[in-house]
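Novice: Chain order of the listed sequences is A and B.
Quick note on numbering: our numbering labels position 356 of the first sequence as 671, and the sequence is numbered without any gaps.
Quick note on numbering: our numbering labels position 18 of the second sequence as 43, and the sequence is numbered without any gaps.
For the record, the hints were derived by calculation from the structure and aren't laboratory data.
Treat each hint with caution, since some may be false.
Partial list, computed: chain B residues near chain A (C-beta under 10 Å) [stated by the list, open to error]: (1) Q84; (2) N101; (3) S184.
Beta carbons: idealized from backbone N, C-alpha and C, even for Gly.
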Amino acid sequence: MDTLSLLLNGFAIAFEPLNLALIIVGCTIGLFIGAMPGLGSVNGVAILLPMTFLVPPTSAIIFLGAIYYGAMYGGAISSIMLGIPGASTAVATTFDGRPMALKGQADKALIAAATASFVGGSIGVVLFTLFAPPLADLALAFGAPEIFALMLMAFATFIGLGSDDIPKTIFSIFIGLVFGAVGLDIISGEPRLIFGDIPGFYHGINFLVLAIGIYGIAEMLWVIETSKGDALMSKAEISVRRILDTLGELVRTWKTMLMGSLLGYFVGILPAAGATPGSLMAYGFAKTMAKDPETYGKGNINGVVAPECANNAASTGAMLPMLTLGIPGSPTTAILLGGMVIWGLEPGPLVFTDYPDFVWGFIASLYAANLFALLINIAFIPAFIWMLKMPFTILAPIIFVLCIVGGFVPTMDMHDVWLMLVFGIVGYFMRKLDYPMAPAVLAIVLGPLAEPALRQSLLISGGSFSIFFTRPAAGLIMAAALGLFLLPVWMIVRRKMDQRRKAS
Amino acid sequence: MKPFIKLSTITLGAIIAFGAGTIAGSPDARAEWKPKKPVEFIVMAGKGGGADKAVRFMQSIIAKNKLSSKPFTPINKPGGSGAEALIYVKSARDPNHTIMFTLNSFYTTPLRQPKIKVDISKFTPIGRMAEDTFLLWVHKDSGITNVKQFVKAAKAKGSAWIMAGTGKNSEDNLLTDFLNKAYGLKMKYVPYKGGGRVAKELAGKNADSTVNNPSEQLGFYQAGKTVPIAAFTPARLPLFANAPTFKELGKDFVYFMQRTVVGAPGMSKEAATYYRQLFAKIYASDGWQGYMTKKSLQGGFITGDILMRYWLKEKAIHKVMLQKMGALK
Numbered sequence: 316m317d318t319l320s321l322l323l324n325g326f327a328i329a330f331e332p333l334n335l336a337l338i339i340v341g342c343t344i345g346l347f348i349g350a351m352p353g354l355g356s357v358n359g360v361a362i363l364l365p366m367t368f369l370v371p372p373t374s375a376i377i378f379l380g381a382i383y384y385g386a387m388y389g390g391a392i393s394s395i396m397l398g399i400p401g402a403s404t405a406v407a408t409t410f411d412g413r414p415m416a417l418k419g420q421a422d423k424a425l426i427a428a429a430t431a432s433f434v435g436g437s438i439g440v441v442l443f444t445l446f447a448p449p450l451a452d453l454a455l456a457f458g459a460p461e462i463f464a465l466m467l468m469a470f471a472t473f474i475g476l477g478s479d480d481i482p483k484t485i486f487s488i489f490i491g492l493v494f495g496a497v498g499l500d501i502i503s504g505e506p507r508l509i510f511g512d513i514p515g516f517y518h519g520i521n522f523l524v525l526a527i528g529i530y531g532i533a534e535m536l537w538v539i540e541t542s543k544g545d546a547l548m549s550k551a552e553i554s555v556r557r558i559l560d561t562l563g564e565l566v567r568t569w570k571t572m573l574m575g576s577l578l579g580y581f582v583g584i585l586p587a588a589g590a591t592p593g594s595l596m597a598y599g600f601a602k603t604m605a606k607d608p609e610t611y612g613k614g615n616i617n618g619v620v621a622p623e624c625a626n627n628a629a630s631t632g633a634m635l636p637m638l639t640l641g642i643p644g645s646p647t648t649a650i651l652l653g654g655m656v657i658w659g660l661e662p663g664p665l666v667f668t669d670y671p672d673f674v675w676g677f678i679a680s681l682y683a684a685n686l687f688a689l690l691i692n693i694a695f696i697p698a699f700i701w702m703l704k705m706p707f708t709i710l711a712p713i714i715f716v717l718c719i720v721g722g723f724v725p726t727m728d729m730h731d732v733w734l735m736l737v738f739g740i741v742g743y744f745m746r747k748l749d750y751p752m753a754p755a756v757l758a759i760v761l762g763p764l765a766e767p768a769l770r771q772s773l774l775i776s777g778g779s780f781s782i783f784f785t786r787p788a789a790g791l792i793m794a795a796a797l798g799l800f801l802l803p804v805w806m807i808v809r810r811k812m813d814q815r816r817k818a819s
Numbered sequence: 026m027k028p029f030i031k032l033s034t035i036t037l038g039a040i041i042a043f044g045a046g047t048i049a050g051s052p053d054a055r056a057e058w059k060p061k062k063p064v065e066f067i068v069m070a071g072k073g074g075g076a077d078k079a080v081r082f083m084q085s086i087i088a089k090n091k092l093s094s095k096p097f098t099p100i101n102k103p104g105g106s107g108a109e110a111l112i113y114v115k116s117a118r119d120p121n122h123t124i125m126f127t128l129n130s131f132y133t134t135p136l137r138q139p140k141i142k143v144d145i146s147k148f149t150p151i152g153r154m155a156e157d158t159f160l161l162w163v164h165k166d167s168g169i170t171n172v173k174q175f176v177k178a179a180k181a182k183g184s185a186w187i188m189a190g191t192g193k194n195s196e197d198n199l200l201t202d203f204l205n206k207a208y209g210l211k212m213k214y215v216p217y218k219g220g221g222r223v224a225k226e227l228a229g230k231n232a233d234s235t236v237n238n239p240s241e242q243l244g245f246y247q248a249g250k251t252v253p254i255a256a257f258t259p260a261r262l263p264l265f266a267n268a269p270t271f272k273e274l275g276k277d278f279v280y281f282m283q284r285t286v287v288g289a290p291g292m293s294k295e296a297a298t299y300y301r302q303l304f305a306k307i308y309a310s311d312g313w314q315g316y317m318t319k320k321s322l323q324g325g326f327i328t329g330d331i332l333m334r335y336w337l338k339e340k341a342i343h344k345v346m347l348q349k350m351g352a353l354k
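Generate the whole structure from the sequences, applying the supplied hints.
Specialist: Quick look at the structure:
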């Protein structure tokens with residue numbers, strides 16, 4: 316009851332004319348920033364942060380929150396339309412979104428992404444409203460062993476992500492892990508794998524550089540080779556009837572939506588994780604749990620729904636430790652946190668009691684931003700579809716430019732652009748040789764999270780692996796992870812037994 | 026050493042008065058140089074960290090008070106404990122439009138990584154905006170309220186006592202080494218990424234103690250989760266008056282983290298004068314002063330030769346500390 320009245324009060328604040336206008340403008344800006352490859356919510360929020368001192372703090376965070384949300388929606392657009400992840404959080408969306416677009420179902424994929432984002436965001440905000448304090452305590456108690464167990468679970472879900480060629484999948488994971496290890500190692504304090512002394516490697520290999528190289532450049536080379544340059548990117552159309560059909564189909568994915576949202580939200584509230592691992596894990600889970608895992612990666616609508624639910628739920632989840640603990644759950648919330656300091660607010664455990672108008676106004680604005688982002692996104696879908704109908708000879712140079720910009724912007728370093736081109740060319744040949752790429756992308760995201768957590772845990776325990784099983788939360792997750800590792804083995808055994816039975 | 030503009034005789038008070046005077050609009054005949062394009066404001070740390078927040082805060086003061094006609098653009102170069110930022114600024118293409126916000130890694134990283142060939146005496150001293158302080162923190166539920174109890178508890182646990190910190194050979198590591206030596210402890214140092222994460226590990230009881238900056242623990246302290254039991258400062262901090270200094274406890278150890286704006290090597294005298302005046306104004310602004318009080322930051326604004334001498338002195342001190350802990354070959 317108390318929460319409800321606070322929330323209603325928050326809605327009164329969020330629907331003040333200025334705040335409502337900022338939500339709409341913020342969602343639109345965010346949508347386009349998110350749709351630009353390489354530019355994600357981090358860039359949008361960082362660029363617009365200094366402008367926010369023009370308005371009161373509550374309006375400022377509402378504006379930045381709307382950008383954050385809009386960008387989460389927008390990230391899916393270029394993932395689906397161009398096959399280049401619009402933001403790091405939307406990489407998993409390319410896995411099935413792109414094949415859907417190539418099959419002429421771009422409109423379907425876009426609607427699925429928008430709807431899933433809405434569902435994920437809504438579930439996230441509701442959880443936030445109802446359970447903020449206990450979830451904050453949970454995030455606080457989550458230490459290095461729990462994080463490692465969770466990362467192991469994420470890897471487990473990706474065993475089946477690659478092709479059936481297990482050695483090639485393992486190779487792909489390992490190369491991703493090696494790339495993830497480049498840069499400064501915080502545990503030893505030494506730089507690793509900087510190839511002599513190339514300064515560009517000191518900040519590590521940016522995950523987007525690999526993702527854009529593989530999914531942008533390599534994909535384009537692939538299309539040029541297979542189509543000999545005269546193909547349309549895809550057939551695409553949109554009509555009210557198709558939208559309604561798609562919505563009907565989406566209702567049947569409710570299980571995936573629920574799983575993706577809850578998982579994404581939970582991963583989001585953990586400090587340092589954020590929406591990118593959340594969406595990748597949701598994809599992996601959806602595939603592992605599916606009855607038809609072989610259709611994933613070939614344009615299964617669940618493969619779009621799971622990561623999009625998860626990344627929006629995670630972005631809401633990441634606000635929780637930001638507000639209640641003063642610790643960002645993602646790079647974007649780290650900037651929002653800086654913003655709160657600029658506006659003269661002190662984030663931390665007392666934020667709910669000290670600034671109720673600010674917090675509840677913000678939470679209420681997330682409900683509104685979620686709705687407006689959905690409407691604006693759907694309104695723009697015909698425009699995106701039209702873009703797809705451009706001839707490839709025009710589209711290809713645009714994609715190439717977007718890739719270069721996307722590789723440059725996160726670090727503003729030409730080194731990353733060259734690296735991206737190299738990844739693109741190598742990725743093209745690896746694709747020709749039928750190496751799966753997704754496991755490498757997953758490894759470069761999760762490796763840098765899992766490795767320090769493993770080493771911190773072992774430092775704490777003095778080298779004993781029992782720490783992963785003696786702590787209740789870690790033990791539970793660890794057991795689930797091991798179960799997931801064994802699941803494919805058991806499936807193979809069962810299939811073999813079935814075959815034998817049939818044979819005899 | 027390079028000849029710098031003679032500011033060494035000007036006292037701190039005079040600089041602040043001078044800064045405040047220019048805010049009020051007094052014409053200044055000397056400083057005619059102004060940035061001709063956006064200024065790159067390099068941050069030696071990642072987005073969202075303490076240094077990054079401070080830079081974005083200064084950026085907002087510049088914009089809010091219209092202190093510059095050209096924008097200041099924060100660029101994060103967190104790689105290699107600041108090595109990436111140092112290399113970038115050392116060879117900046119346009120030294121007049123490249124400045125950097127630095128921490129103590131400004132001394133320690135060139136010492137530990139001689140390969141990057143960074144000589145800090147070549148950089149242009151702009152202004153030290155503050156010195157951050159360190160305290161020794163424990164969880165409230167541990168029941169520990171003073172250093173004596175802390176030492177007793179840590180001795181009893183031996184190497185199972187976890188001290189969380191921000192990376193190997195970082196400031197936190199230096200302080201942990203000091204405590205281990207001074208009190209005969211065997212605390213185990215576990216590095217995490219960033220001070221906020223370290224603070225969280227203590228509040229979530231995944232560590233037994235930390236040596237956080239006040240700003241990192243303030244939220245948990247106010248929520249009654251963590252308590253400071255001693256300060257690495259010359260005098261008690263007003264915000265934490267119950268925590269004695271190590272000096273009071275008979276261990277003469279004081280340690281600060283500088284928060285300083287540095288110009289690229291080869292910056293022209295005119296440009297350096299411009300930035301010094303600009304940051305003096307920022308230092309004197311209500312916004313920055315309020316930020317310092319809230320974050321329990323200390324230290325006056327120093328610039329020019331005084332700042333250079335401060336760097337060289339701190340570099341020498343850090344060299345000895347790093348040698349003692351075996352981080353230098």
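Novice: When the nearest CB of chain A is found for N101 (chain B), is that gap smaller than 10 Å?
Specialist: Hint on N101 (chain B): holds, closest Cβ of chain A at ~8 Å, below 10 Å.
Novice: Is the hint on Q84 (chain B) kept, meaning its closest Cβ partner in chain A is under 10 Å away?
Specialist: Q84 (chain B) check passes; min Cβ-Cβ to chain A is 5 Å, inside 10 Å.
Novice: With 10 Å as the cut and Cβ atoms as the points, is S184 (chain B) at the interface with chain A?
Specialist: Hint holds; S184 (chain B) Cβ to chain A Cβ min 7 Å, cut 10 Å.
Going through the hint list in order, the structure satisfies each hint without exception.
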